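As given, the protein sequences belong to chains A and B, one line each in that order.
Using the working numbering, the first residue of the first sequence is number 1, and each one after it goes up by one.
Using the working numbering, the first residue of the second sequence is number 1001, and each one after it goes up by one.
Please keep in mind that the hints were generated in silico from the structure rather than gathered at the bench.
Each hint should be verified, as a subset may be incorrect.
[To be verified] Short, incomplete list of chain A residues facing chain B, as computed with Cβ under 8 Å:
no. : residue
1   : V20
2   : L90
3   : N93
4   : P127
5   : Q129
Bear in mind the structure is a predicted one, so any value in this text is a computation, not a measurement.
Here a beta-carbon is modelled for each residue, glycine too, at the ideal position from N, C-alpha and C.
Chain by chain, the residues:
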Amino acid sequence: MNLILDTLFSANTVSATIRVLTLLTYGSMAAVINVTSGVNNIGLEGILLSSALIAVIGSWAAQSWVVGMLCAVVWGIAISLIFGYLVMELKTNNILCGLAINMFASGGTVFLLSVLTGQKGSSISIPHQVAPRFTIPLLSDIPVLGVLFTDYSFFTYLSLFVILFVYIMIKKTPLGLKIRAVGLNPNSASSVGIGVHKVRYTAFAISGAIAGLGGAYLTMGYFSSFTRDMTAGIGFMSIAACNMGGATTVGAFLSSILFAFANVFSNVMQSLQMSVDLINGFPYFITIITLFVIGFINYQRKKKWELKK
Amino acid sequence: MKKVIAFVLALTILFTLGACTQTGPTSSQTPASTPGATTSAGGDTSTGGDEIDYSKLKVCVLIHGLLGDNGYFDSAAAGAYRLRDELGVQVQVVEMGKDSAVYEANLADAAEAGYDLIIMGGFRWSSIVMETAQNYPDQKFIMYDNIGDFKNYNIPNLYAYDFAAEEGSFLAGVLAVEAAKDQANFPNAKAGDPLGVLCSADEPMLNNFVCGYLQGVAYADPDMKVLSAYIGNGQDTVKAKELALQMYSQGASFLFTPAGQTIMSIIEAAKESSGYVIGCDSDQSTLIKDSDPEGSALTITSMLKRVDNTIYDSVVAYAKGELEFGKGVPMGLKNNAVALAYNDNYLNTVPKEIQDKVEEIREKICNGEIEIWRASDKTPEEVTEYRNSFLPN
Chain A
1 MNLILDTLFS ANTVSATIRV LTLLTYGSMA AVINVTSGVN NIGLEGILLS
51 SALIAVIGSW AAQSWVVGML CAVVWGIAIS LIFGYLVMEL KTNNILCGLA
101 INMFASGGTV FLLSVLTGQK GSSISIPHQV APRFTIPLLS DIPVLGVLFT
151 DYSFFTYLSL FVILFVYIMI KKTPLGLKIR AVGLNPNSAS SVGIGVHKVR
201 YTAFAISGAI AGLGGAYLTM GYFSSFTRDM TAGIGFMSIA ACNMGGATTV
251 GAFLSSILFA FANVFSNVMQ SLQMSVDLIN GFPYFITIIT LFVIGFINYQ
301 RKKKWELKK
Chain B
1001 MKKVIAFVLA LTILFTLGAC TQTGPTSSQT PASTPGATTS AGGDTSTGGD
1051 EIDYSKLKVC VLIHGLLGDN GYFDSAAAGA YRLRDELGVQ VQVVEMGKDS
1101 AVYEANLADA AEAGYDLIIM GGFRWSSIVM ETAQNYPDQK FIMYDNIGDF
1151 KNYNIPNLYA YDFAAEEGSF LAGVLAVEAA KDQANFPNAK AGDPLGVLCS
1201 ADEPMLNNFV CGYLQGVAYA DPDMKVLSAY IGNGQDTVKA KELALQMYSQ
1251 GASFLFTPAG QTIMSIIEAA KESSGYVIGC DSDQSTLIKD SDPEGSALTI
1301 TSMLKRVDNT IYDSVVAYAK GELEFGKGVP MGLKNNAVAL AYNDNYLNTV
1351 PKEIQDKVEE IREKICNGEI EIWRASDKTP EEVTEYRNSF LPN
């Protein structure tokens, strides 16, 4: 038992959690903006995957990771706006449209990869620049907490600013207010003179840019090459984290932490003689339990509210 | 507006199909040198007076997955293309993709298309091959990577062979133990460190790799500890990398990786934590030599599954009329079906004594002096118990 506790609270576990958390943060922040604006986009997985490849290509062509990152962001915005156009102007079903984006990304990345490199599995034959890793000088000297600031990718630090940005944008800016209004009730919003489509397009663009950053982190920070279908459900997990956190910035971030920790926990447990099948199911088990608890609390609240009425 | 939707949908379908249609020759496959590779290289077709006319032979190779994995499936396709390029056999390679629902239909289509030989892998899908073989008794089939079930199926028209993955993995285990002791050439290893094995899923066929490796470790050093972990599937690169980092941080200096497509991410973990990797299925070290010299150097060697050689050899044997249908054959180190990759990295970094020892044990396995049991013959509980007996306390 001591061994389990020791491993669980070691510096390695913390840094592993933060690495996975970075991935989930970008995804769930993008999802938060989408949900707040009233349209759920399950194409997030596809946006992450395709922008991961675009980042590689940009960074390889220009031999500069900044260019790669910008390409990924632009691509994320473009795909997101196309999604917005299909859903709002052409009135397609948003779930179907998201599915189409996922399939497009899964097949399209392999297609693009084979055109560019002749290989369909991974991008190892086109070496590209990855984002630097650094340690924050003074903060990393703090005894216990120092590990939080030691040797992470640029994208990990950037993700903190993204959270801050999303929080402030939704809570404190006029644009955020409009996005929330449009999300709650588009008809009332338009009756007071808010251009529903314009606001939603803006929201999609921001969400796409954040998802693009997430994709860039995947191939320029977390890994240093693109592998086919490498997202393996991260987009969906981000959407789940967003919904579990009630589509609020803080809630989504907290549930991302929970998911990331559950993932790392299952990895740690596995190397400590625990049953593989049991342990691999752990993150999902945690999800169900938490959803149950949140659902129960909401139910109680609603009941009280109805009694008051 | 409808046109735009139609256009977008058409594009989606096009790209999705683009990933899984039939493909032309891929030249990216680098053949690795294996011990005694000459047995299959020549083909020996013109020894006798009567020439065999290979150009009339029509062979269909069905790939039950996606090409471009730099491993198993690419190796099968490479074997097929070698038949075409060297002997002029009419070869059709069909990439069936990940959707297993179409395999049976594709196999039946191929059986009705009038090929002389149909070749498909039996990993996970052996029942489909055997059922189709039973339904088309006049069509000849070859199934690789599965020994076949000739008791319950009436299939005298099928030739099945299996890779003795445990034999090659045994060698990998011996090599890992010896290399871990040799701090002069492998400075990142520390005495008393455990070894590690990271496998894609906990299932009998894959446990053959794990248990073969463990037996090799136990043979070379009975007191050696081994950490083991399973990713859960062959695609989850994030989980593979996290598990690898976790195992390196627990002290494992050498990881053996029967982990499919995720091996590249394990090599990245090795770079970050200065560990070593023994690859699997194909020669990863040679593959990334130019693009990633650092990762290539840490990948000492790979346990190869020579799907290409065995397909080539069995088609040549069929053409000569030597292939015995109606039975399943295990193919191991002796047949050169599995091997350690003796690539540049292995030859240069591993000292001569260790190379000699590995070679000596290889011969012992070929002679039958060392017997290795298979995980697929045991119950899952026995395998788990065996695996856990290697864990550090």
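Structure-based check of each hint:
1. V20: Status holds, d = 7 Å.
2. L90: With a closest approach of 6 Å, the L90 of chain A hint holds.
3. N93: Since chain B brings no Cβ nearer than about 11 Å to N93 of chain A, farther than 8 Å, the hint is violated.
4. P127: holds, 5 Å
5. Q129: violated, 13 Å
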